[in-house]
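S.K.: For the sequence shown, this note's numbering gives the first residue as 1, with consecutive numbering after it.
Worth flagging that the hints you see were computed from the coordinates, not collected in a lab. Since the model is a prediction, treat every value here as computed from it, not as a measurement. Don't take every hint at face value.
Unchecked claim - Straight line, CA to CA, 27 angstroms or less: simulated DSS-like cross-link-like pairs of lysine-lysine:
1. LYS122 to LYS35
2. LYS35 to LYS21
3. LYS125 to LYS35
4. LYS177 to LYS189
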Amino acid sequence: DYTMDQLAEMPLEEFAALIQKLGNYRFKNPAGIAKAISKAIRSSYRLGQVHQDSVDIVLGVLAKEIRSIEKLIKELDKAIDDLVVVLPEYQCLTSIPGIGPVYAAGILAEIGQIERFSDETKLAKYAGLYWRQNQSGKSEFENTPMAKRGNRYLRYYLVEATNSVRRYEAEYTAYYKKKYAETPKHKHKRAIVLTARKFTRLVDTLLRNHQLYMPPRSVIEK
């Protein structure tokens with residue numbers, strides 16, 4: 001461990017080497033980073049020793065709390081996995097690349113029994129992933145704002161799960177990119193919500209038919 005004063009007085013080349021080592025050699029410009037940090041340290045307000053000791057104590061307590069919370073999160077993730085792993089519906093959702101125990105459990109907890117919904121449109125509306133018709137009665141989602149209603153927790157899980165799935169599944173990657181390119185503003189927000197609407201159809205199909213995910217035939221053939 002180094003103090004702020006030690007870092008400020010450290011030769012730039014040595015500081016850059018330290019940064020590169022601590023960063024597992026991932027930084028492209030360690031010298032530039034070292035220079036910027038050194039400048040920030042020198043221009044920062046220095047506390048007296050008494051105040052510095054107090055700050056160090058507080059930071060130490062916060063660091064312990066963060067580590068404790070991280071440990072608790074891992075334990076909760078395992079507990080969630082143990083609880084839902086035996087559910088067929090859980091197996092259906094986790095068969096989708098990018099969907100892990102947290103997203104699967106969250107979606108299932110908010111949906112409950114899929115039979116509550118007559119079709120995927122009702123499920124999407126329950127999640128708030130639907131759009132009011134504009135005055136012309138055309139295009140329910142391309143240019144009109146999304147309705148701010150529905151189960152916001154389910155909407156959160158569906159959107160976040162979609163954001164993960166699109167990194168693994170070419171079909172969703174392509175759809176997201178298409179929607180992203182269609183408008184000059186709110187590009188990501190609009191694209192990911194529209195992709196989540198598409199993902200909701202997949203969730204409904206898998207749960208309703210009790211089936212595992214199979215990638216499109218074109219992907220399998222590749």
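S.K.: Against each hint, give a clear statement of whether it holds in the structure.
M.R.: Comparing the hints with the structure gives:
A threshold of 27 angstroms between alpha carbons decides the hint, and for LYS122 with LYS35 the separation of about 57 angstroms lies outside it, so the pair is violated. Distance check on the hinted pair: LYS35 and LYS21 sit about 16 angstroms apart at the alpha-carbon level, within 27 angstroms; holds. A threshold of 27 angstroms between alpha carbons decides the hint, and for LYS125 with LYS35 the separation of about 53 angstroms lies outside it, so the pair is violated. For the suggested pair LYS177 and LYS189, the alpha carbons sit about 12 angstroms apart, so the restraint of at most 27 angstroms is met.
Checked against the numbered hints above, the structure breaks hints 1, 3 and satisfies the rest.
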